[in-house]
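2 protein chains.
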Amino acid sequence: MEKIGVLVWGLGNMGRGIAEMLLTKEGIEVVGAIEKRIANDVDLGIYLNKEVRLNVMVGNNPEKMILETKPDICILAINSFVKGVMEEISILAKHKVCVITIAEEMAYPYDSEPDLSKELDRLAKKNEITILGTGVNPGFVLDTLILQLSLAVRHVEKIKAIRINDLSPFGKTVMEEQGVGLSEVEFNIGIENGSIYGHVGFLQSIPMIARAMGLEYDEIVQTREPIISKVYRETKDIIVKPGMVAGCRHIAIAKKDGKEIIILEHPQQIRPDLEEIETGDYIEIFGDPHLKMRIKPEVPGGIGTIAAAVNAIPQVLNASPGLVTMVDLPVVHAIMDDFRNHLK
Amino acid sequence: MEKIGVLVWGLGNMGRGIAEMLLTKEGIEVVGAIEKRIANDVDLGIYLNKEVRLNVMVGNNPEKMILETKPDICILAINSFVKGVMEEISILAKHKVCVITIAEEMAYPYDSEPDLSKELDRLAKKNEITILGTGVNPGFVLDTLILQLSLAVRHVEKIKAIRINDLSPFGKTVMEEQGVGLSEVEFNIGIENGSIYGHVGFLQSIPMIARAMGLEYDEIVQTREPIISKVYRETKDIIVKPGMVAGCRHIAIAKKDGKEIIILEHPQQIRPDLEEIETGDYIEIFGDPHLKMRIKPEVPGGIGTIAAAVNAIPQVLNASPGLVTMVDLPVVHAIMDDFRNHLK
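Quick mapping for you: the protein sequence lines, in order, are chains B and Z.
Mapping the first sequence onto my numbering, position 128 (from 1) lands on 128, and the numbers just tick up by one.
Mapping the second sequence onto my numbering, position 197 (from 1) lands on 197, and the numbers just tick up by one.
Since the hints were made in silico from the structure, they are not lab data.
Hints are supplied without guarantee of correctness; some may be wrong.
[What the hints assert, rightly or not] Computed cross-link-like contacts, SDA-like style, restricted to lysine to any residue with a CA-CA straight-line distance of at most 20 angstroms:
1) Lys-344(Z) <-> Gly-287(B)
2) Lys-256(B) <-> Asp-337(Z)
3) Lys-256(B) <-> Glu-157(Z)
4) Lys-158(Z) <-> Ile-253(Z)
5) Lys-296(Z) <-> Glu-278(B)
6) Lys-158(B) <-> Glu-26(Z)
7) Lys-94(B) <-> Glu-63(B)
8) Lys-344(Z) <-> His-290(B)
9) Lys-344(B) <-> Asp-337(Z)
10) Lys-292(B) <-> Glu-284(Z)
11) Lys-296(B) <-> Glu-68(Z)
12) Lys-255(Z) <-> Lys-292(B)
13) Lys-3(Z) <-> Gly-84(Z)
14) Lys-158(B) <-> Met-336(Z)
15) Lys-344(Z) <-> Arg-211(B)
16) Lys-160(Z) <-> Met-336(B)
17) Lys-158(B) <-> Ile-253(Z)
18) Lys-158(Z) <-> His-290(Z)
19) Lys-296(B) <-> Asp-338(Z)
20) Lys-296(Z) <-> Tyr-110(B)
21) Lys-344(B) <-> Glu-128(Z)
[To be verified] Here are a few chain B residues that sit away from chain Z, every Cβ distance over 10 angstroms (derived from the structure):
22) Asp-41
23) Lys-126
24) Asp-338
[Claimed, not checked] One side of the interface only, derived from the structure: several residues of chain Z facing chain B at Cβ under 7 angstroms:
25) Val-136
26) Arg-294
27) Ile-303
Just so it is clear, CB atoms sit at the ideal spot from N, CA and C, and this is done for glycine as well.
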């Protein structure tokens with residue numbers, strides 16, 4: 001059997017990491033990469049600052065790259081939103097290429113983009129491909145993992161999960177989206193005008209959990225508060241003095257008749273260690289039985305998302321055609337042997 | 001759509017718990033139960049010591065019960081071993097009834113019973129049914145959950161997982177199998193002659209993890225040591241004086257060229273709290289990244305197994321025909337609405 005041909009679309013931090021991981025895996029051939037921001041085609045080895053050429057092209061013309069490389073599957077890492085990946089997925093579908101995307105909203109697009117979700121499902125079925133959105137959050141820690149844990153639960157009353165992470169490794173864009181380095185007043189203005197968003201994913205994770213478990217809610221209440229630093233914090237990109245904003249505490253609560261059913265909290269900040277805040281993922285299912293899980297430190301967001309996208313390749317290739325989510329697929333797990341061993 | 005007709009086969013502690021849980025769930029009809037140890041048919045309500053009759057029969061004649069109740073699926077809770085459920089599954093297959101069993105060895109029967117596994121798969125496909133073995137351990141904590149966590153891992157070096165639980169709720173049979181209440185000498189004799197077994201499941205969990213992840217090993221080394229109590233311990237069934245055996249520390253290690261690849265530890269004892277041993281499930285994946293998960297206290301074995309068997313009903317009914325394991329199915333999770341909402 002030929003190797004699984006994978007195209008990487010988008011070579012930002014995530015796309016580069018995905019390409020690097022794919023290159024280490026047996027049974028997979030990186031057939032090419034697409035990066036619209038480059039002026040001329042370049043070898044992937046050069047692009048990734050490797051010592052050697054890989055004889056794999058990075059091109060800026062999607063249709064040309066797809067026609068020349070004939071991939072089985074594409075990992076798409078260009079944008080967080082369904083609207084931001086529709087055009088790319090349509091092109092891939094036309095050429096019958098399966099899609100894994102790390103666009104956060106694609107982890108469970110049905111509620112925020114019902115019409116586009118139907119269109120994607122129709123496109124997938126018509127072209128006999130499978131389309132999956134995945135990642136660490138949404139896609140895993142605050143949804144799939146909660147569902148997995150509930151396997152052992154007879155009756156669910158309430159779910160509470162908290163992901164406390166460290167933003168320090170991220171660059172300026174993320175710092176701006178989270179309001180890091182601002183005064184409290186500037187932060188509140190940013191929330192008002194939409195320039196500070198917090199976490200993209202609660203409106204995916206909550207419906208995904210609720211629909212799978214059959215939990216009802218009538219509203220989702222979201223709050224975004226500044227995390228005001230008590231101490232001096234510094235990363236390579238930014239300085240936060242005491243009294244300034246070190247990050248954003250984003251909380252989403254699904255309620256039914258005023259009662260809290262699903263509570264997801266995601267305080268993101270730089271250098272939480274300096275205030276002795278321990279990062280980690282915490283899941284608590286209140287019910288019968290009552291279960292408490294923690295992962296400490298937290299599942300790393302960047303590496304974890306890269307791994308999720310690559311590890312999902314066999315499950316996506318094995319799946320029936322359509323738009324799917326992590327709830328629809330057999331458990332995605334690390335693969336250390338030839339990926340072709342995991343194809344049906 | 002009619003309710004999902006479920007037959008419960010075996011009304012020991014687990015089977016009774018399964019029947020009780022099924023009775024609380026929407027979209028499910030318990031159509032009957034089989035318990036060979038009863039002399040005459042009896043109403044399930046009476047059998048479960050409820051105030052009311054349920055108009056659901058418990059019978060001792062399997063074929064008659066199946067023909068009269070026409071179940072869609074049977075939950076089989078009679079035995080730990082593949083050989084101990086072959087006859088029952090053959091009967092169910094003949095009548096085209098899907099099977100979920102909590103027989104530990106059925107969680108991943110391919111290595112310990114390769115011929116019987118082939119026969120079960122053949123039977124399932126011929127009769128267009130799906131057969132699943134599940135439970136908390138094996139089936140979840142020391143295998144499926146490890147695999148689920150590895151979704152976020154790029155490279156796996158080694159896996160170590162420990163399940164520390166409390167045997168106190170269990171009855172005399174389990175105490176005897178684990179050597180509780182014996183002297184150290186008696187325990188060692190029991191290990192020699194096979195009357196003390198420890199945990200049934202390592203020879204399922206290890207191959208299940210290894211096969212899914214593509215990890216190689218050339219031997220599995222098992223040890224069973226007595227847990228000698230330092231203090232006086234007592235349950236309703238048994239007394240353990242200082243110096244006597246409070247339980248069995250069962251360890252299984254998969255090695256490749258002498259190097260440890262998968263280490264599973266399962267110390268089981270009564271009243272671990274009296275020596276300030278905290279029960280819990282601990283999973284550590286050494287690799288990139290290094291992940292550490294804990295569930296504390298541990299996922300309760302009895303309740304969790306009951307929940308796993310019932311919660312798996314839609315995934316089994318939706319699956320393609322054949323013998324399957326938890327790795328083959330979409331994530332099994334708690335269900336609080338009508339089970340029929342989860343059928344394809």
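Cross-check of the supplied hints:
no., hint, in the structure
1, Lys-344(Z) <-> Gly-287(B), "violated (27 angstroms)"
2, Lys-256(B) <-> Asp-337(Z), "holds (15 angstroms)"
3, Lys-256(B) <-> Glu-157(Z), "violated (45 angstroms)"
4, Lys-158(Z) <-> Ile-253(Z), "holds (11 angstroms)"
5, Lys-296(Z) <-> Glu-278(B), "holds (18 angstroms)"
6, Lys-158(B) <-> Glu-26(Z), "holds (19 angstroms)"
7, Lys-94(B) <-> Glu-63(B), "holds (10 angstroms)"
8, Lys-344(Z) <-> His-290(B), "violated (30 angstroms)"
9, Lys-344(B) <-> Asp-337(Z), "violated (33 angstroms)"
10, Lys-292(B) <-> Glu-284(Z), "holds (17 angstroms)"
11, Lys-296(B) <-> Glu-68(Z), "violated (53 angstroms)"
12, Lys-255(Z) <-> Lys-292(B), "violated (32 angstroms)"
13, Lys-3(Z) <-> Gly-84(Z), "violated (30 angstroms)"
14, Lys-158(B) <-> Met-336(Z), "holds (11 angstroms)"
15, Lys-344(Z) <-> Arg-211(B), "holds (14 angstroms)"
16, Lys-160(Z) <-> Met-336(B), "holds (17 angstroms)"
17, Lys-158(B) <-> Ile-253(Z), "violated (38 angstroms)"
18, Lys-158(Z) <-> His-290(Z), "holds (10 angstroms)"
19, Lys-296(B) <-> Asp-338(Z), "violated (36 angstroms)"
20, Lys-296(Z) <-> Tyr-110(B), "violated (34 angstroms)"
21, Lys-344(B) <-> Glu-128(Z), "holds (19 angstroms)"
22, Asp-41, "holds (28 angstroms)"
23, Lys-126, "holds (20 angstroms)"
24, Asp-338, "violated (7 angstroms)"
25, Val-136, "holds (6 angstroms)"
26, Arg-294, "holds (6 angstroms)"
27, Ile-303, "holds (5 angstroms)"
Violated hints, in rising order: 1, 3, 8, 9, 11, 12, 13, 17, 19, 20, 24; the structure is consistent with all others.
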